[in-house]
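Asks: Here are the chains, one letter per residue:
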Amino acid sequence: MLRHLLLRSGSSLFALLIISMIVFSLSQLSGNPVDALLPDDATQEQIDTFIRDWGLDQPLWKQYMTFLGNAMLGDFGTSLKWPGESAMGFVLDRMPATLKLGGLAILISVVIALPLGIAAAYTKGSITDNAAQLFALLGQSMPNFWLGIVLIWVFSVWLGWLPTSGTGSFAHLILPAIAIAWFQISALTRLTRSAMLEVLDAEYVKLARVKGVPEWLVICKHAFRNAAVVPLTYFGILAASILTGSVVIESVYSYPGMGWVAIEAIRGRDFPVIQAVILAYAVIYMLSNLLVDLLYVVVNPRMHHG
Amino acid sequence: MAELSTPSRFSLRRLRNLPLVPIIILLVVFIIPAFFAQWIAPHDPYVPNLRARLQPPVFFGGTWEYPLGTDRLGRDILSRILHGAWYVMAVSMIGIFVGVVVGTTLGLIAGYVRGRFDSLVMRLVDISLALPAMLLALALAAALGASFLSVVIVVGFALWAYFARQVRAEVLLLRDSDFVARSLVAGSSHARILFRHILPNVVNTIVVLATLQVGIAIMLDASLSFLGIGIPRPTPAWGLLVSDGRDFIATDWWIAFFPGLAIMLTVLSVNMIGDWLRDALDPRLKQF
Amino acid sequence: MNSQTKKPLLEVQDLKVEIKTKVGSFVPVNGHSFSVHEGETIGIVGESGSGKSMTASALMRLLPKHVAKITEGSVRLDGKELLTLSEKQMRKVRGAEISMILQDPQTSLNPAFTVGSQIKEALRLHAPGPRRSLRSRAIDALKAVKVAAPEQRIDAYPGELSGGMRQRVVGAIAISCRPKVIIADEPTTSLDVTVQAQYLRLLRELQEETGMAILFITHDFGIVASLCHRVLVMYAGRIVESGPVGKIFANPAHPYTEALIATVPSLSGNQGRLRTIPGQPPSPAEKIVGCPFAPRCDYADARCRSEAPPTVLANGDSEHTTSCWRAVNQ
Chain A
4 MLRHLLLRSG SSLFALLIIS MIVFSLSQLS GNPVDALLPD DATQEQIDTF
54 IRDWGLDQPL WKQYMTFLGN AMLGDFGTSL KWPGESAMGF VLDRMPATLK
104 LGGLAILISV VIALPLGIAA AYTKGSITDN AAQLFALLGQ SMPNFWLGIV
154 LIWVFSVWLG WLPTSGTGSF AHLILPAIAI AWFQISALTR LTRSAMLEVL
204 DAEYVKLARV KGVPEWLVIC KHAFRNAAVV PLTYFGILAA SILTGSVVIE
254 SVYSYPGMGW VAIEAIRGRD FPVIQAVILA YAVIYMLSNL LVDLLYVVVN
304 PRMHHG
Chain B
29 MAELSTPSRF SLRRLRNLPL VPIIILLVVF IIPAFFAQWI APHDPYVPNL
79 RARLQPPVFF GGTWEYPLGT DRLGRDILSR ILHGAWYVMA VSMIGIFVGV
129 VVGTTLGLIA GYVRGRFDSL VMRLVDISLA LPAMLLALAL AAALGASFLS
179 VVIVVGFALW AYFARQVRAE VLLLRDSDFV ARSLVAGSSH ARILFRHILP
229 NVVNTIVVLA TLQVGIAIML DASLSFLGIG IPRPTPAWGL LVSDGRDFIA
279 TDWWIAFFPG LAIMLTVLSV NMIGDWLRDA LDPRLKQF
Chain C
14 MNSQTKKPLL EVQDLKVEIK TKVGSFVPVN GHSFSVHEGE TIGIVGESGS
64 GKSMTASALM RLLPKHVAKI TEGSVRLDGK ELLTLSEKQM RKVRGAEISM
114 ILQDPQTSLN PAFTVGSQIK EALRLHAPGP RRSLRSRAID ALKAVKVAAP
164 EQRIDAYPGE LSGGMRQRVV GAIAISCRPK VIIADEPTTS LDVTVQAQYL
214 RLLRELQEET GMAILFITHD FGIVASLCHR VLVMYAGRIV ESGPVGKIFA
264 NPAHPYTEAL IATVPSLSGN QGRLRTIPGQ PPSPAEKIVG CPFAPRCDYA
314 DARCRSEAPP TVLANGDSEH TTSCWRAVNQ
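Protein chains in written order, with my numbering: chain A, 4 to 309; chain B, 29 to 316; chain C, 14 to 343.
Fair warning: there could be bad hints in the mix.
Stated by the list, open to error - Listed below are the simulated DSSO-like cross-link pairs for lysine-lysine, each with C-alpha atoms no more than 27 Å apart in a straight line:
(1) C:K78 / A:K224
(2) C:K20 / C:K105
(3) A:K127 / C:K101
If you're looking for bench data, these hints aren't it; they were derived computationally from the structure.
Based on the sequences and whatever the hints tell you, model everything.
Replies: The following block contains the structure:
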């Protein structure tokens with residue numbers, strides 16, 4: 004069990020290393036790293052110090068080691084687009100906003116998808132089931148940015164219930180979180196439904212009924228506890244999709260989180276910030292995957308063998 | 029699990045009960061426009077017509093002249109959607125093709141030769157599956173600038189690992205089967221065995237997987253275009269069309285609404301066809 | 014054991030279950046009537062598909078929802094009619110007064126919970142008490158089914174136990190609330206022969222201690238002979254013969270019973286192949302005219318194929334009934 008987790012953390016670190024190489028090569032690929040990483044109006048003196056600090060006169064692998072060393076300390080240089088800001092500091096500044104949005108999106112998808120999937124499986128073949136399936140199919144085919152815009156149209160413009168964009172209050176979070184969650188709800192509903200269908204006919208579910216356990220407990224405790232492993236394995240993918248979703252949706256709602264920063268930085272060719280934001284995303288993603296692995300070990304009944 | 033039963037050969041006879049509705053939708057919204065936009069589009073998708081700015085769609089106060097309305101430069105939304113279909117199709121098809129070729133080749137060889145090469149490929153698969161495609165897209169867009177090529181690379185990168193993993197699993201099974209041993213004894217070369225005997229047996233899987241990935245590819249491409257890190261303007265890629273309308277949603281909703289609807293209908297019908305194809309050809313792929 | 018002197022615990026009258034599917038409806042349990050007395054073990058024997066398990070599910074009122082329904086009859090447990098109880102009332106009966114041991118120990122325990130929590134759950138529902146006493150009662154239940162080191166095993170997950178051990182745990186759950194009747198649905202089919210013998214001995218000992226009635230469902234006439242007092246032979250949803258085990262073994266009245274007994278491998282070391290009954294039982298959807306066994310019966314004549322036989326006393330014995338025209342003719 005511990006071995007399994009160590010192995011997973013090891014491969015996560017390896018993947019992070021690969022990403023750091025990709026990120027490092029960004030400034031190389033774009034031409035001259037000095038041009039990429041320093042403002043256009045930098046003086047020759049600034050350029051010289053920069054080349055010395057980042058070892059740009061050294062061979063490539065040494066440059067990478069310097070980059071990696073600095074990256075581990077969170078030093079990606081200063082932002083070009085937002086002068087005076089340290090690249091990583093700027094990204095870290097925006098991180099809580101994104102985590103809040105992603106967290107709410109995950110909460111919404113779980114709170115809606117699990118009951119919906121369970122209900123669909125329990126009433127297999129009924130109208131509820133068919134409606135849930137149709138909903139899932141539609142949800143998986145709807146581009147989230149378009150849904151985001153349609154949500155603004157309906158809830159902000161027509162009904163005037165919620166703000167169209169920006170940040171500040173909880174109300175600002177609702178529409179973007181729904182837009183991010185929508186696709187996940189569909190996927191998670193389908194997954195939960197099929198996982199539940201597999202366990203609902205199990206003998207142990209029948210045994211629970213034989214014992215006189217109330218039906219809702221039979222479903223939510225005995226059946227779901229065993230089905231839960233399947234949706235949980237999806238949580239790793241969920242983290243990735245939420246991350247992707249946040250990039251797109253923050254841009255739709257002009258929500259100033261990491262995703263918004265990433266897009267703005269790319270538009271402004273602000274390489275230090277781009278490097279920082281991509282690595283920050285990667286770290287969040289790896290950590291959430293590790294968390295899923297941990298949860299998986301806790302939840303999976305088959306792991307109880309010793 | 030998928031690995032337990034041996035894969036079956038591709039056979040057209042299993043293609044019964046065609047899902048007609050999705051096929052028709054796909055033809056009307058996507059395939060026909062992609063190839064014939066030039067002839068069926070009522071207007072030029074690029075030339076502004078300032079006298080016809082922001083015309084609403086027909087039935088919403090507009091005319092049949094511009095059935096889905098016009099954008100803020102007076103360009104016909106319908107024509108732009110029809111012309112955009114070609115780019116969406118080109119990007120997703122080439123992207124998937126790249127994914128299929130890279131993934132299948134590596135999967136075939138890895139499953140066949142096993143050993144160190146296999147471990148290496150599987151490690152790469154794990155990493156690639158662990159990397160959200162969006163991160164790579166951001167990185168590429170930053171380094172190379174957004175282009176047709178960068179989108180194709182991102183789509184190919186996002187998908188190759190699925191093919192490699194599945195093909196490898198099936199080759200591992202086939203490698204031990206009698207006919208491979210018999211062919212080796214009969215003096216067939218490894219290349220011949222791989223491409224004449226093993227490849228035809230994994231075609232089913234590849235076809236089904238590829239179909240199921242079309243929706244993902246289109247969605248990815250649309251997201252990138254929407255963010256402005258996909259195919260650059262003035263190409264009327266569908267994601268770009270939606271982003272054009274984002275700031276006008278309060279007053280001129282049709283600019284963003286119809287291109288998004290086109291994406292949704294296309295992805296929906298592709299997904300339904302993919303589900304059907306999977307059930308017909310390769311039910312073992314249920315996990316996708 | 015003399016069944017007349019003891020009161021009947023479970024009385025089943027004209028029980029009928031109907032299953033509705035897309036292809037049509039059929040009746041897997043067709044007019045069963047029988048009773049089980051205190052301390053008695055009744056065997057229900059038949060091939061798979063004869064409606065044995067469906068009968069068990071019907072008695073527990075756990076038929077698959079929307080598909081199967083009890084259409085007629087009455088089930089009285091200790092004088093109380095079960096079929097008219099509300100679902101809530103029935104839940105209080107299930108596990109407390111009537112319980113069941115399921116077929117497959119590999120799958121009938123929930124892999125996600127410890128053995129103890131699965132036993133305690135039943136106790137908590139039917140005989141609540143403080144945590145400490147629940148635990149000690151669960152340990153008692155494990156002791157009763159002869160699980161070694163119950164204090165440790167109680168915290169084990171089912172995946173950590175052997176098949177025989179798991180089936181003992183299933184037994185512990187079934188007896189934990191001291192039910193009056195236990196239905197055992199082929200509890201030993203998936204166990205190997207020695208474990209099976211131990212398990213059957215255990216069941217008999219438990220019965221002697223508690224006086225519970227056991228309804229033992231099996232396809233194996235050998236087990237019936239060693240364990241049961243009386244037996245019901247089922248074929249195609251009907252009880253075709255019933256009576257004391259000794260009498261039926263010595264003198265089967267129905268050709269199907271005769272064939273079933275012949276499939277029991279003889280203990281005298283006869284090395285012949287395991288015998289099976291030729292032919293197939295009728296498929297559930299089939300419309301049956303006449304005696305359902307007629308197509309496989311060596312004695313069948315024209316009347317057997319056209320008219321269903323009535324249930325009559327066999328050999329004039331009031332404890333032994335059968336539905337066969339040959340018994341009528343005698």
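Asks: For each hint, tell me whether it holds in the structure or not.
Replies: Now for the hints, and whether the structure bears them out:
Taking the CA atoms of K78 (chain C) and K224 (chain A), the gap is near 20 Å; set against the 27 Å cutoff, the hint holds. Taking the CA atoms of K20 (chain C) and K105 (chain C), the gap is near 23 Å; set against the 27 Å cutoff, the hint holds. For the suggested pair K127 (chain A) and K101 (chain C), the alpha carbons sit about 23 Å apart, so the restraint of at most 27 Å is met.
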